[in-house]
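**Q** Chains A and B supply the protein sequences, listed in that same order. For what it's worth, my numbering labels the leading residue of the first sequence as 15, then goes sequentially. For what it's worth, my numbering labels the leading residue of the second sequence as 835, then goes sequentially.
In short, the hints are calculated from the structure, not lab data. As the structure is a computational prediction, the values presented were derived from the model and not from experiment. For each residue, glycine too, the CB sits at the ideal point set by N, CA and C. Certain hints may be false.
As the list claims (entries may be wrong) - If you want a taste of the chain A side facing chain B, the calculated C-beta under 8 Å gives, among others: (1) P50; (2) H53; (3) T126; (4) G181; (5) D208.
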Amino acid sequence: MNRAAPVPPPAAATPYAFVLDSLHGRAAPGRLVASPTGHVLASTVALPGVPPGPLTRFGLAVTDATPESAFGEGPAADRFAAGLLDAHRELLHATLGHALRHLEGRTSGDTTLLAKQLVAGQLADIALRLAEDAAVPQIRRHADRAARWRCHLRLVGIGRDLLRLLGASGFLADGPAGDLHLAEVAGNVYLHPDTEDADE
Amino acid sequence: MNELREAAPSAGADLLDERIRELADHCAAMAGRLREIGRRLDRDPDAIVEFLDEPQVRFPVQGMLPPQYRSVGEFPARLVEASSTVLGQVVATEQVSYGDPNVLLASPGPSLSGGVVQALADDAQRQRYFGRLSAAPTHTFFALTEPGKGSAALELETTLTPVPGGGWLLNGVKCYIGNGARAQLGVVFCRRAPGPWGIEAVLLDTTAPGFSGELLPTVGLRGARISRLRFQDVFVAPQDLLGAHRPPSRRGLYGATYILYRFRPGIAAMAIGCAQAACDYLRTHRRSLPRRDGDRLDGIEDRIAAVRHRTYAVAADIDAGTVDVAAIGAVKARAARVAEDATRLVAELLGPASLLEHPWLEKVYRDVRAFELMEGTTNLHALAVFQSLLRGTGPTDRPLAPERAVDGAPRH
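Between the sequences and the hints, there should be enough to build the whole structure, so can you do that?
**A** What follows is the structure, given as structure tokens:
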């Protein structure tokens, strides 16, 4: 059953799985939105009883769509897809802030890593790419699934570059890396354009 | 597992000698079983204890042991010997990682610390360390990285302070240490005095009072059991100081750099193995790709072939006595990047929800990100490459001689 169980309201540093729940609630109140492939991703709180899988430890449950899911093309799916991209972007902004704080606290020699020209330049580039992505006109960003996928790929690239700057802490599941992994998976499931011609 | 074997890459290497090629084939044949075990380890990293008797788990660590501590008669001696060189270790690691890198990292054995012991220890210390490893499955760790300083050996803050009557007390924190929290034995780098020659390496039994370790939750490569270690007034006896018989300039820091340079190509090999495995997985599951997608995949495989070629070359150089720090770091950094790019491309080309419908892909997609962080990030190695450019010895100035060329083309 793909009715949404009650979940906590989103807060500032909300784990991504709960952000996903909130997106479901906004896109299709009382229901969960299914991907075009017939999958539903939500928090383990929203989908209790789903058998554990590799993403369970990240707080994410994966199940199949049911007749009660908001399924296929339509306004709910569009709202959900747009929300996914917005959530990914917000997560990246939060991670950028985290990176600034983290790198300020790391030192090399007599200076912080934040003061290193190489690092400063990379952070600035990330900020510029985020700003550039935000400036893509809505009509282009949401023109079709391919447009959304392009946006998703841009955001994934920005996220990977950010995580590299975090060093080993950028590989911890309980930090930005865990949430960004879920954002990548969610995009892969909900935003990937169909590639029906792939085997032609 | 036929599908996996059909897709396994050739170790390839036109100019690898026959023994190394045989080693590669030997390891390639293990890939199927290693992938099964790796899948289990992703769910439960401590499940490695269920597989300790399997040859696929036991073989890869044999070459890291001194000859007198290796298993006798269990594996072809010539292959074990071949795997004890840096090039042999790289070729074997690539093939093993094509199956799954978690198994190698989760396995008991010498790890980096064994290399330090081989490089620095006196006879009694070697016997203590390797004798214990050969007597029973023993996890070990190599503790260099610290929370605020990363792996900058010169800046480490863990201290070794003398105590009346002899010996020292060890205090500090180490972070992102593979197998740290489940190890029985390890090597800790610490500062006894200011300056580069004040750094020491000590052998530590994890039952020592004051030692504690906690696991850190990682996105992937869970078999490595990345940990945080704390040392609170841990007593270090004089016989635990590695290389005490050597001058300060030939122990401590020397031991760290000696072993890191020799093992770093192995991280590149893990990344290359995973990247090739991802590409082969795609070719297995999508027999036909549109031309544009096929071109993108070919582009990734060009990069894999190139970084494999360079990795074999720097490994052979190390065996020949030439340690090119920038080149070693460069292959690690480039291999890590191509592994990320390969898994991202494969996830894209396998279509919508590929990360759900192909659990192995989702796993390797997470795993490969560790290689960027292991043994120094790309930024660190990029600076070394830049310094080599200033010296006029940059990577573009050093093409491989034809007689050392390596053909790592995959077997399809």
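**Q** For every hint, state whether the structure bears it out.
**A** For each hint, the structure was consulted:
1. P50: Holds. Min distance 6 Å.
2. H53: holds (6 Å)
3. T126: Violated: closest Cβ of chain B sits about 10 Å from T126 of chain A, beyond 8 Å.
4. G181: The hint holds - G181 of chain A has a Cβ within 8 Å of chain B, the shortest such distance being about 6 Å.
5. D208: At 6 Å from the nearest chain B Cβ, D208 of chain A passes the 8 Å test, so the hint holds.
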